[in-house]
Structures are given as C-alpha cells and as structure tokens.
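Asker: Sequence:
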Amino acid sequence: MSRHDFKHHSLLVLVVDDFADTVESEAELLCMLGHKVRVALCGEEALRCVAMERPDVVLLDIRMPGLDGFVVAQSIRELCAGGGKQPLIVAVTGCGTEADRLPSAESGFDLHLVKPVDPAMLTGLLERFRRLLAPPIPAAELDAEEPPDCRQCVVSGWA
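Residues 12 to 170 in our numbering are what the sequence shown spells out, letter by letter.
Heads up, a few of these hints could be off.
As the list claims (entries may be wrong) - Cut-off 20 Å, straight-line C-alpha distance, at most; resulting in silico cross-link-like pairs (SDA-like, lysine to any residue):
(1) K96 <-> R142
(2) K47 <-> L143
(3) K47 <-> P146
The set of hints was computed from the structure by calculation and includes no laboratory data.
Let the hints inform the model, and build the full structure from the sequences given.
Answerer: Rendered as structure tokens:
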C-alpha cells in the first residue's frame with residue numbers, strides 16, 4: 012500500500028443563481044462533500060469571483076436578471092483565456108428543451124443540467140471531475156510489492 016496520504020482533493024466550486032434558496036442548498040451540499048464553495052447571486056458578482064480566484068467548476072443558472080448565464084459563461088471563457096485554467100461550466104437551469112441546449116453549448120457551457128438536479132447525479136459528476144483534477148501520485152511513493160487500489164489514486168491538496 013502507498014505511504015501517500017489519500018485525503019479528499021476538494022474542488023473550488025462557484026454557485027451562481029439569482030434565487031438565494033437554490034444557492035444556499037447547493038452550497039450546503041457541496042460543503043458537506045468537502046468542496047470549497049463560493050456563491051454569487053448575479054452575473055456581475057460571479058465575474059468578480061472568477062477574476063479574484065478561478066474556480067474548478069461553475070454551476071451557473073441561465074435566466075438571471077442583468078447578465079444572463081449565456082453572457083456570464085462567455086465572459087468566464089474570455090477571463091480564463093490566455094493560459095489560465097478553464098473551469099468546467101455547468102448550466103443548472105429550468106431551460107430544458109433542445110432549443111435551450113444549443114445556445115448553452117455555443118456560449119461556453121460544458122454541460123447542461125435541468126432543475127431540479129438530482130443531488131446524487133451532481134455528486135457523481137463532481138466526483139468524476141475531482142478525480143480528473145487530483146494531483147497524480149508520484150511513482151516513488153507507490154510500493155512495488157502491492158499494486159495501488161485505483162479508487163485510492165486521489166490526493167488532497169486544495170490550499
């Protein structure tokens with residue numbers, strides 16, 4: 012077994028929605044899962060958050076007053092261009108038709124989820140993304156005698 016510490020590698024998640032109850036419940040779930048969470052109740056606030064600290068994931072409503080989710084997603088892509096990390100941008104919206112999904116893809120969204128989002132599905136999605144972003148385990152820290160359990164090949168490290 013590896014001598015490496017396999018603590019949970021948390022994600023920085025930005026939750027953006029103009030409905031405070033939605034933001035609060037999503038943030039609470041994500042915090043219980045061990046993620047670092049920032050919240051914004053409008054598009055302008057979301058862009059300020061991204062400019063200060065780039066998130067790994069943005070859960071973004073589409074229909075909001077002021078800057079809508081389409082404009083926010085495009086602006087995040089522009090802010091993060093030029094070598095910076097690009098967050099996974101997920102539409103979390105009541106807009107669920109095929110006609111709604113096309114503009115979200117064109118605006119820079121990676122995924123389009125329709126409210127109400129199943130918490131287990133969201134948890135699974137973030138877990139898969141967390142595993143992709145987790146730092147690799149240095150080969151020198153793996154014991155040659157016993158192959159590593161792939162489910163443990165995840166390292167903590169959000170500072």
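Asker: Of all the hints given earlier, name the ones this structure violates by number, lowest first.
Answerer: none
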